[in-house]
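Student: Listed here are the chains, written in short residue letters.
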Amino acid sequence: MKVDSALIEHVAKNARLQLSRTECEAFLPEFEEILDVYKKLNGIDVTGVEPALQPVDLAPNLREDKIKASFSQEKALANTKHKKDGYFKGPRTM
Amino acid sequence: MSVAEFVKGVHDGQIDVVEHIHRTLEECKIINKEYGYLNLISEESAIAQAKLVSKKRKGAKGALAGLPVSIKDSICVKGVESTAGSAMLKGYIPPFDAGCVSRLRQAGAIIVGKTAQDEFGFGSFSTNTGIGFTAPKNPFDRLRSCGGSSGGAAGLAQKLSVPHVALGESTGGSIVNPASFCGVVGLCPTYGRVSRYGLIDYGSSLDKVGPIGKTVADVALALKVIAGFDEKESTTATVPVEDYPSFVKKDVAGLRVGILKESFGEGTDSAVEKSVWGAIKQLESAGVDCREISLKIPIEYGIPTYYIIAPSEASTNLAKLCGLRYGAEEKIEGDFNTYFSEVRSRAFGKEAKRRIMLGTFTRMAGYRDAYYVKATKVRRLIIDEYKNVFKKCDAVISPTVSILPPRFDEIKNLTPAQNYLIDALTVSPNLAGLPHLNMPVGKHNGLPIGAMLTTDHFKEGVLVQLGAALE
Numbered sequence: 000m001k002v003d004s005a006l007i008e009h010v011a012k013n014a015r016l017q018l019s020r021t022e023c024e025a026f027l028p029e030f031e032e033i034l035d036v037y038k039k040l041n042g043i044d045v046t047g048v049e050p051a052l053q054p055v056d057l058a059p060n061l062r063e064d065k066i067k068a069s070f071s072q073e074k075a076l077a078n079t080k081h082k083k084d085g086y087f088k089g090p091r092t093m
Numbered sequence: 000m001s002v003a004e005f006v007k008g009v010h011d012g013q014i015d016v017v018e019h020i021h022r023t024l025e026e027c028k029i030i031n032k033e034y035g036y037l038n039l040i041s042e043e044s045a046i047a048q049a050k051l052v053s054k055k056r057k058g059a060k061g062a063l064a065g066l067p068v069s070i071k072d073s074i075c076v077k078g079v080e081s082t083a084g085s086a087m088l089k090g091y092i093p094p095f096d097a098g099c100v101s102r103l104r105q106a107g108a109i110i111v112g113k114t115a116q117d118e119f120g121f122g123s124f125s126t127n128t129g130i131g132f133t134a135p136k137n138p139f140d141r142l143r144s145c146g147g148s149s150g151g152a153a154g155l156a157q158k159l160s161v162p163h164v165a166l167g168e169s170t171g172g173s174i175v176n177p178a179s180f181c182g183v184v185g186l187c188p189t190y191g192r193v194s195r196y197g198l199i200d201y202g203s204s205l206d207k208v209g210p211i212g213k214t215v216a217d218v219a220l221a222l223k224v225i226a227g228f229d230e231k232e233s234t235t236a237t238v239p240v241e242d243y244p245s246f247v248k249k250d251v252a253g254l255r256v257g258i259l260k261e262s263f264g265e266g267t268d269s270a271v272e273k274s275v276w277g278a279i280k281q282l283e284s285a286g287v288d289c290r291e292i293s294l295k296i297p298i299e300y301g302i303p304t305y306y307i308i309a310p311s312e313a314s315t316n317l318a319k320l321c322g323l324r325y326g327a328e329e330k331i332e333g334d335f336n337t338y339f340s341e342v343r344s345r346a347f348g349k350e351a352k353r354r355i356m357l358g359t360f361t362r363m364a365g366y367r368d369a370y371y372v373k374a375t376k377v378r379r380l381i382i383d384e385y386k387n388v389f390k391k392c393d394a395v396i397s398p399t400v401s402i403l404p405p406r407f408d409e410i411k412n413l414t415p416a417q418n419y420l421i422d423a424l425t426v427s428p429n430l431a432g433l434p435h436l437n438m439p440v441g442k443h444n445g446l447p448i449g450a451m452l453t454t455d456h457f458k459e460g461v462l463v464q465l466g467a468a469l470e
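Here the protein sequences line up with chains A and B, keeping their order. Counting with numbering that gives the first Met the number 0, you get residues 0 to 93 for the letters of the first sequence. Counting with numbering that gives the first Met the number 0, you get residues 0 to 470 for the letters of the second sequence.
Bear in mind the hints are in silico, worked out from the structure with no lab data behind them. None of these values were measured; they are calculated from a predicted model. A few of these clues could be false.
Stretch by stretch, here's where chain B covers chain A in the computed footprint (C-beta under 8 Å, at least three residues) [what the hints assert, rightly or not]: (1) 9-21; (2) 24-35; (3) 51-63; (4) 67-75; (5) 78-85.
DSSO-like cross-link-like pairs, simulated, lysine-lysine; straight-line CA separation at most 30 Å [stated by the list, open to error]: (6) B/458 / B/411; (7) B/213 / B/260; (8) A/88 / B/77; (9) B/280 / B/319; (10) A/83 / B/77; (11) B/213 / A/74.
Here are some chain B residues the structure puts well away from chain A; computed CB gaps all over 10 Å [as the list claims (entries may be wrong)]: (12) 42; (13) 51; (14) 254; (15) 324; (16) 352.
Ideal Cβ positions, reconstructed from N, Cα and C, are used throughout, including at glycine.
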């Protein structure tokens, strides 16, 4: 796999980050060095191994499906200035 | 004075909680000027809380009545700015308490402030601070690091003269690493032992909240208070919470401890080795059966596995931080992609951007199987190898970190990959969700050295038992 600025820019776009040219240039060798660390996993055979998505086998502990008091709209909206008529206000999507 | 003695003093009316909290807050301010352990001192709410305890209202008879506690900045405290050390969350005032904070309050503990950390926990030296934040300094040498990412918590635990417990959080070693560098006791519990509700998440399958304090008894008592099932957090365990403080005085004779052979030799500072061997001898003389064991896969593959899984999870968790609802905001202009990207690019620090980039890459179509999925399978092998070892041993001992606390100018010269290697001994217990404890076991040139004990899931009592034998 070729690690170049096109790949870095593609990843940044997916990550919703705008990297400056300086940031991109600095990131390129770091990315290559870190991928070298990742390459170490090529040395281990995982055929037939189940992925571990969490470390402890916990039984699902779901609470009873009952309506309980929750945040008021006022509280939920308290941390933003972008609000209108009791709703969050965001940028246009289309 | 121990935490238990302090609490008894409060219960018996011997300690004036309000006067004591005033004194504690003054000391916090003095320490903070020199060492920078607290992002925020919550003076007003601490005094109000102390008055409630003093009037024998909320928590007056609790297990931590009147005790000053500090909370890592990534844990939400109602009404107190909680930023996880990031400009992205500057100004965010949680309208609720994290699960662990609610339990502390119910037990009568008083929150004195939010401790400094690497941004979102992304670091091992507390130097990867968010924009506008500063790195806390080592309590034994201000030119050196406190460790990380719960650096402020461990530094304050060492420096504050009054009884106090700090709550830290660990994803890949962020409780024991700073505890080691600051010469205090840090206990990272089993994944699911303490609620993550209200924790500003880094890696959801890895994050654990745990106490840091001066003694094993202090952290054991705090753990007992914060542990347990939380209906607001479906990954908390229903396994009964043990009476951890009662393990302090339990005899360790007959326990079996595995000495992790890969943690000694090349790459480990000789002074660190010497002190950890001293601790092993101390356990042996108390009747513990210590014998060499090997954890080949965890040691050899822990770092790449962790540094794929943790950034993968972090990049999804941090996707919600986009300049809407809370935290950093801009004037709303353009479409959502432009707006989100602008806010994120301005407010995330360097290491946060790096980990978001890495995690986005390892989950991207075409790379996901080779990196993320493969790492989750290696994680399974790491867990299995530990489980096999725990068939023969009650605990494993190793150095916590293989070096002494480095100077800031040394850290500055490390590349990110070199930086990640510092976690070589701590990432695997974290990947496996195993409880682990840092015990101060010596000093070299005035700098503290820590030994790490690791046990099987939900065996925190044994950690307390063995840790106390090393005090």
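Student: Decide, hint by hint, whether the structure agrees.
Tutor: Here is what the structure says about each hint:
1. 9-21: holds (count 8)
2. 24-35: As far as the segment 24-35 of chain A goes, the hint holds, because 6 residues have Cβ atoms under 8 Å from chain B.
3. 51-63: holds (count 11)
4. 67-75: It holds, with 3 qualifying residues against the three required.
5. 78-85: holds (count 4)
6. B/458 / B/411: 38 Å, violated
7. B/213 / B/260: 28 Å, holds
8. A/88 / B/77: 24 Å, holds
9. B/280 / B/319: At roughly 50 Å apart (the allowed maximum being 30 Å), residue 319 of chain B and residue 280 of chain B break the hint.
10. A/83 / B/77: Between residue 83 of chain A and residue 77 of chain B the Cα gap is close to 24 Å, so the pair holds against 30 Å.
11. B/213 / A/74: 38 Å, violated
12. 42: 22 Å, holds
13. 51: 22 Å, holds
14. 254: Correct as stated: the minimum Cβ-Cβ distance to chain A is 23 Å, above 10 Å.
15. 324: 5 Å, violated
16. 352: Not fine: 6 Å to the nearest Cβ puts residue 352 of chain B too close to chain A.
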